[in-house]
Structures are given as structure tokens and as C-alpha cells.
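Student: Listed below are the residues making up each chain.
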Amino acid sequence: MNYLLTTLTKKQEVDSMIRDTIDKVLVLCFGRASDSIFLQLDEILYKSVREVSKFATVALVDIDSDDVQVYIKYFDITLIPSTVFFFNAHHMKMDCGSADHTKWVGTFLRKQDFVDVVEAIYRGAMKGKLIVTCPLPPDRIPKFQLLYKDV
Amino acid sequence: MPIQNPNPNKKKKKHSNQDDDEDDTVQGKQQTQFEFCKVCRLNHNQGRRHIYFPNHKKALSSFLYRFQSKFKNDVAFYLKKPMPLRPEHAALNRLWCVFCDFDILEYDSSFACGNAIAHLASAEHLKGLKSFLWKYGGGMDRMDSFRISESDFTKWEKKCKLLKSEAAGGGSHGSLIGPLNDIHNESKSEYVNSFDKNKLDCLTSDVKCSNSVVPLQDHTIERSQISHSKICTVGPQILHAGTGVGLGARTPNGLPGFFGNQHYTHSVPKEGPAYSCPNDGKQVYPYEGIAIGDGHSQGTSSEESRLQTQENGGGNVHSGAPPPWFSAAEKIQLDNKLNQGLGDLVSSLGEQMKTSKLNPKRVGAAWAERRKIELELEKRGELVRHDFGADWLPNFGRVWQSGSRKDSRKEFLGENKTWRKVDSQIEKPSQLQPYISKRMRTENTAE
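Residue numbers (UniProt numbering), protein chains in the order written: chain A, 1 to 151; chain B, 1 to 447.
One chain only, chain B, in its complex shape (with noise of 0.2 Å):
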């Protein structure tokens, strides 16, 4: 039986003896115990080698990119202005922090993101961050971007003192919430607080209205002062019964997810606080937005006519003009037709495509493309075929071999040598010649 030579680098398998020259095998896993990973959210037993695979890293690089732009959109935002958070609003303010996979609440914050802001300031957190970059590889360098630093909580806790003071100081509460009024060009304080009443007006009042201003029933979120106006104007648009057309692509960006999930019905405004968190449950930032009442409507009813116009311009279902999807659907056609026309040419292009897509990795592939050249040039007559000559041999891996492919040749080759030259010897004619005895030699001699 064949002599086995373990060797020490190669990974283990059950059923089959090794060759000293094995360049590569294809399968080499691994056999560990098998973890759960958060990123790609599956069991694997790769052990390390899991976090280097490309689909982990895409995984991962979403992953990252959708806590970041929570911290973002939303701790970043009331890190830079605090704002006192009403217990309301709590339950939608919470983050779930998935360094630290512990669900920060803000039921007892006096501040949006009160606690969410402390958590990530703190060492634990920093702890939690480490931990999980390490042992799901996002590198390290981007360990400031997940945490809040010291210096900016510190400037965050002023701030939030600050505000508390004015508050102390006996300001109108309208003052405290006075960044929030932006949206309306006007302070607008008595929305806020009559919040629960507006609710039931524009309930009552939504069936009445045709063209009116109907108000939101939950908050909207603040970016910016024009993407507020935006937004307000946008809102009572969409509650419109009837002109709800193209508003998809008026959508400001801060908002892409808000308004993706609308019904252009009735039935909108009674789905009320349920449809201002269309994408889930997570919607880490608080509605503090502003209920637009029907006394509002004259402060903004101008921009909205803009709007309306803009609309009727462009004509609506009521007018019966083609929805705007629909000419983008038509240029599509019209490029598929196109492409048919051009796809004689693409089919045989397609064949020289797939050649070039070929993986360059694979094995021979050099000695392939300069064989294919040359194969191309004989066929046109341009290239002499040289012979290989009689003595090419393949490189070839041979058993009782140790070392690399070519030395196998030259080892034959010299193999070869060596019997030739062995032949040869034998076969040199012995000459053979009669018995001549002593006798008659000396005989012969002495004759």
C-alpha cells in the first residue's frame, strides 16, 4: 500500500490519502462549530473565514449603512440641537443599538434622544462597537461614525441645560418648540398642543373636502426649513381626494420612505398615526411635527395653488392625461425596440463577449489566449505552423514525483536519457570470437 504524507499545512479530510504536490483543492472546509452571524443573519461554520466572503461584506456594508443613517438622520440631528421630548412622542424615539444588541429606550429622557445620545457616548458602547467590529471585520477605522465623542455629549449636555434653565425661566411654551414652527412661516403654537384635536376636525371634515386643506394626522419630521414648506404643502396634497398624481416624484429627499406608502383615498386619514410610520416599526425620529389646521390653510393656500397649477398644467386623472409613469413606460418601449434592431449586431458581438468574459483565472488561461492567436493567424495564412517538435511533452504531475510540474518533464526527459544510453551500451556488439587455448596460443607464438 502506497506510503500517506500527511501534510501538517493542509486541512484534514476523512477519506482520502495526500500527495506531497497538491497544488489547491477545492474543498478545504473547515470543520468548526457553527455560529450564527448577525450581518447575513445565517449559521455557518467557517468560523473566521466567514467575515472576508463577499456576500458577508455586502451584507455588512448595508447593515452599517442602515444604522448609520439612523444615528444620522436622527441622533446626529438633536446632538446638534436638543429638544425636549414629550412623553408621547417617547415611544417612537426608541434606537436599537446593534454593537451593543440592547434597545435603548427614552421613556424616562427629558430630551429627544436623551438616552440613545448618553448610550453612545458611553465606554460601553465603545466596548460593544469594538467587540462587534472585530468579530464581524468592518474595519476599524470607522469606529467615529457609530459613536458619539466626549466632547460633543459635553457640548450636548450644555445645551440640554440651557434649555432646561429657559424653560425654568418661565418662557411660553411656544418658545421652546419655536424651531419647529418653521415649517409654517408662522409660530403655530396652539397646533401643537391642540394636536388631539385636530385629529377629529380633519376626520369630520376630510369627507367634506374636495380642494380644502385637510390636516395631517401625525407629525411630519424637520430637516430644513425647505423641505418643511415642501412638505407642508405636500401633505395636505396628498390628502386630497383625487389629486394624488405624480406625488411620488415631488417627494423632497428627506423623505423617500414617508410617502412611498400612500393611498390616494379616502381612507387615508383614518389609517391616521399608523401610516406616518409606513416602513416599520423602527422609525427611530419623532413626529414632532405640526398639524396643519384649516385656519392654516390660508397661510400656505397660495403655495399650494402653485402647486395645484403645476398639476393641472401638467394634467391629471380628472383631465384624463396620461399619468407620468406612463411616458417613461413609452421611451422604454420605444428602447426595446431599438435594441431588437440593434441586436444582430449584439448577437454577434455576443460570441467574442463571451470569450473576453472568460475568468481569467482559470487554468491556462495564458497559454489559451496566445494559442487562440495563434490558431487565428494560421487559419488567415499569416503564421507559419512551427512544429513543436517531436520531444514536446505535456507538463504533466507525475506520481512518484516531488517538486513542481516542469522538473517532472526534465525528469523524464532525463530518465529517458539514461535508458537510451543503457540500451546502447548493451547493445554494442560483443564480438565474439573462437576458443583459442593456452596451448595452442603459445604454440602459435613460439611458431
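The shape of chain A in the complex, shown without the other chains (with noise of 0.2 Å):
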């Protein structure tokens, strides 16, 4: 993990994380530091946090660690990376074309792409949308199966 982003292993923190960043949009990564696609997540996040510092705070949840494993129940975090987004506390949906609104899941292909997702969360926060849809075309997303709930 890069130890310049903030990287959270308990409950305590996710929550002040969560509560504390007002009037920005929350960015919280779930993964596990030997996968390699968390990795190359991480780098692009590394690489674009300080551009979009103005309105996103990034954050990485370590998911093996068990004071967290509330949260991974909580949000379905069934495969890794999972992103999920959070503005004034409230939790962000993007349609991305897949069948999981309520979170990113996997890597970005490109920084660009990160900044281009945190900003339509962004601007559709800010005019008070809940759910906005993805502004990057569907070959950039990352495709994935969905399990089903009790599977």
C-alpha cells in the first residue's frame, strides 16, 4: 500500500473518514494490498489525489483487517477492488451500465478516467442527485459478474 494515501484498518476511522470530509466527495477503496489490480488502482489514485484534492479526499480500507469487516458486510464488498463514494455522508450511486449501482468495482484504465467518474459524482452531489450515471463510455469500465445474494 502507498503509504501517502491514507490507507484506514478500523471502524473508528472509517467513520470519522466518513463524517468528517464535508462538502467533498468521500472516495474509500476496499482491497487487499497483494491484489494487483488494487495495486494498480492505488497507483492511479496516487497519481491523481492531489488533482482532484479540491473536491475528493481518497481513502483505502484494508479489508482483511477484522474491525473493518463490518463494512465489508454492510456494503456487499464481494470482489476486489470496490469503490465506494460518499458525499456529506451520503452514500453516492453511479450507473455505470453494470448491474451495481452502488459501487466502482475494479480498476480504472486511466487517470483520466478517475477524475472524469469523481467529477460527475461531484457535480451531480452538488445539485443534489443521488445517483448519477457514468460519463465514461462502457469499453473503459470494467466488466464483472454479479453474485447473487445468497449464493
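Since the hints were made in silico from the structure, they are not lab data. Cβ atoms here follow ideal geometry from the backbone N, Cα and C, with glycine treated the same way. Heads up, a few of these hints could be off.
With the Cβ distance kept under 10 Å, some of the chain B side facing chain A (calculated, not the full set) [what the hints assert, rightly or not]:
id, residue
1, Lys80
2, Arg362
3, Val363
4, Arg398
Both chains come to you apart, so use the hints to assemble them.
Tutor: Structure, rendered in C-alpha cells:
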């Protein structure tokens, strides 16, 4: 994990992160350090965190820590890496053409894609929308199969 | 693959599946045909939604205002005071009815704006007006300001008949245009008739004159006697070679655009009729004013001299005084300097201003405001930070949830409890006991 991006390991840290980010998008990325895709995502995040710093905060969450398991269940995180967006402690959904609108699964192909996604979320949130559509074309969005609830 | 649940109320999109619990979408464009909005002058595919957009509303208000001003200034004026229309002025007197998309020409009407008045009172216009307002959303209560009621129309017709009968009765030509002559405070009917002669006169005399009156090349508009007198005095002023300073400020309210584009040079008279319609060819009102001849200058010379002295008192180009706008500019400069001095104060307030201007409708606005206050208080140390508790969870719209987001948290907590109960039941240690056969037991009991 990159030391420059805040990594959260406890539920209380995550809570305070969610509660203290005011009028900015909070990007919470759940993943495991050993996962290559997560590392790629981390790389992209690290490059763009400064550019979106005016309207977004980025934090990583280690899913292997016990304290955070509640969140993993709550957010239904089954595929790694998963990114959840918050704005003013409200969860922001994004319609990317996939079945799951509550989170972003996978990495971003480019730094610009990530910035576009965060910008779309920010714009929608400032207008009062809780769900936004993804500005990326479908070929840029990583595809995944959503597991059924009780499977 | 997940089940698609198309919500019939939502507009269908081509590429995505939809959840049941979508709160709102950013892009929900309707796929209708493109149509042209006459008001905004653009093609759109928004269908009926377009008329409620703020840009359209703005465009509509200016659009209707323009038509209404033409209607009021011209048609309404002639509705109250019908005047005969001279054929040479008929070309100026046309009106474009925006509701019926129809150009009303006056070539064959005997009275000023006769055709226009007739059209605006007609049933066809009413129909066109209604359909326009329905289509572009103008507000059906304003209909009467764009049409002429039948009672007004009949009154106007009666007045026209009276005028016709007077004319037929053989009154002098001058008397018909009596009201027009008020501009001079004396009847100068000959000037109306000798309009053409005056044109030539002024062209020749203009070169000579420096302070003498030069006749207007075209007619002025008459709104009221007061403004008429102003016009007649201001008019020659414009054509003065060299004393055209600051007239922009002096134009009467009724004619802002008429003098707006004047050039204070000798070339003005040569432009002639062109400059009487400075704005565009859509000047509706007929220029039935009076050409001011040389002989007339005596009548108004007193007023002119008064105006001249006023200008001389304030200074003009010849005296080397600064133009009036320059003094205004100085004031602006001073203001700027003052503002710079206050800039520091402003910038410190700027941050506060910025935050207060954040969209109040944004997501979580209320929560954000409360939280900011809390944080500030905590910083100051006034409020002890109260822990939210280890069990706090944000409102999260879960994937397989149907219902509001608060429900999702409750659902989750409920699920958690059941899991815990199940776990605890499983974890109850089942006491292991060695197996005692029945025979052994019976033997034990027997013993």
C-alpha cells in the first residue's frame, strides 16, 4: 500500500473519515495489498489524488482487518477492488451500465477516467442527485459478474 | 445474470439496467423529434419540457416585451387617435404579428396602422395568439395585452369615420394634421407638404450653417407635446456642426434609440431617411413629424438659445471642457481605488461568502451545515466531542435492497443480530459424555 494515501484499518477511522469529509467526495477503496488490480488502482489514485484534492478525498481500506468487516458486509463488498463514493456522509450511487450501482468494481484504465468519474459524482451531488450516470464509455468500464445474494 | 426490473415510470435508457431504488438520474433526456422554438431561435428535442427552462422563459419575456412595446407605442397610440395614412409613409408602417407569423402591410389602408388594428382585433389573431401562448407558455392571462378588444375596435372605426367625414366635408388639409403641428406651437402645414423641398434646402444650407437651424431630414415621432418641443429643439442641435456633445443624455425618454446612433458630422443630413430608422427596418411608427425649415427657426430660436447657453455653461469641445462621460469615468476610477483598499476586507469575507453560496440543494447539505458547526465548536473547545458509538453506520443503499436507505441500515443491523444469535447457539458447547450402554445403565440402577 502506498504510504501517501491514507489507509484505514479500523471502523472508527472509517467512521470519522466519512463524517469529517464535508462538501467533498469521499472515495473509499476497499482492497488487499497483495492484489495486483488493487495495486494498479492504487497507482492511479496516487497520481490523481492531488488533482482532485479540491473536491475529493481518497482513502484506502484494508479488507483484511477485522474491525472493518462490518463495513464489508454492509457494503456488500465481494469483488476486489471496490470503490464506494460518499458525499456529506451520504452514499452516492453511479450507474455504469453494470448491475451494481452502489459501488465501482475494478480499477480505472486511466487517470483521466478516475477524474471524470469523481467529477461526475461531484456534479451530481452538488445538484442534489444521489445517483449519477457514468461519463465513461462502456469499453472503459471493467466488467464483472455480480454474485447473487445468497450464493 | 441479474434480473432486469424496468420501472415503467422511468425513461428507458439504451445501455443500462435499472435498480428499483434509484433516487434520481442526472440524464433523462426524452427522445423526441427536433423542433424549432421560435422564441429562443433554436432547435431542441426536449418536447414540451422546453418551455419551462429558464433560458426559454427569459427569451420569451424579452420577445413578448419587444412586441408589446411596438404594439403599445404605435398601434395603441393610433387606436386612440386615428390619423390618416399617407401613401409615402405606408412602407414604414408595417407590423409583423409574431403570433400569426404574418406581416401586416398598410399599403391599402386609409388610416395609420389600419390594417394592423383590424388584424389585432380579428378572431384569427386571437386564435393565433392562443396557440402561440399554449405552445410557448406565455401565460394565458396576458392575452389581452396583445390584442385589441372589439369595443376598442368599434370605437376606433367610429373615429375614423368621423375623420373621413370631416375630410370629405372639405376642411383644409392642414386641419387634418392639426395634432401633428403641435410640435411647433404654430400650425405649419406647409412644411408637411413641402417635405421634399426641405430636403434639398437643408442639404444646401447645411454646409453654410454653423449655428443656424437645419431642417430634419425625416419625420420625428410625436408622443407628447413636451417631448415634441424637446425633439424640435434637440433635432436641429444634432445637425449642428460642432455642438453635438452630450446630447445622448438629453434625449427624451420616448426616443432612446432614435438619437442613439447619430454621428455628429456633416454627413448626417446626407444620410437622410436612413438615419431616421437607426435600429432596424422594423420601425413601426410612421414618421409623420415636421420638417423644420429655416423660417421656422425663429419660432424656436429662443428655446434653442437657451439650450445652447446651457451647453456653453457646462463647456463643450470648443471650450476645451472634458466631455460629460469623462467625469463619470473619473468617478469610476475613484471607486475602483476605494474598492482596492477594501479588497483585503473583502477577501477575508470571500471564503465565508463562497461557502454560504454553496447550493443548498446539494446532497447532504443540512448534515454538512450541522457538522461544520459541530467541528467549529469542537475546535474552540466549547463542545465536547460526543462519540457516535461503535455501531454507527452511514446510510447506504444496498444492492439487493428495495426501500429507502434508512431501511437498509436497519435491515443490516437486523441481519447482524440474527447471525450473532445463530453463532451463539452454535457455540454453546455440547457437553460430551461417555457412552454408557443400556445394559450398563440398567445394571447401575439395579444396583
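Student: With reference to the structure, classify each hint as holding or not holding.
Tutor: Cross-check of the supplied hints:
no.: 1; hint: Lys80; in the structure: violated, 51 Å
no.: 2; hint: Arg362; in the structure: holds, 5 Å
no.: 3; hint: Val363; in the structure: holds, 4 Å
no.: 4; hint: Arg398; in the structure: holds, 6 Å
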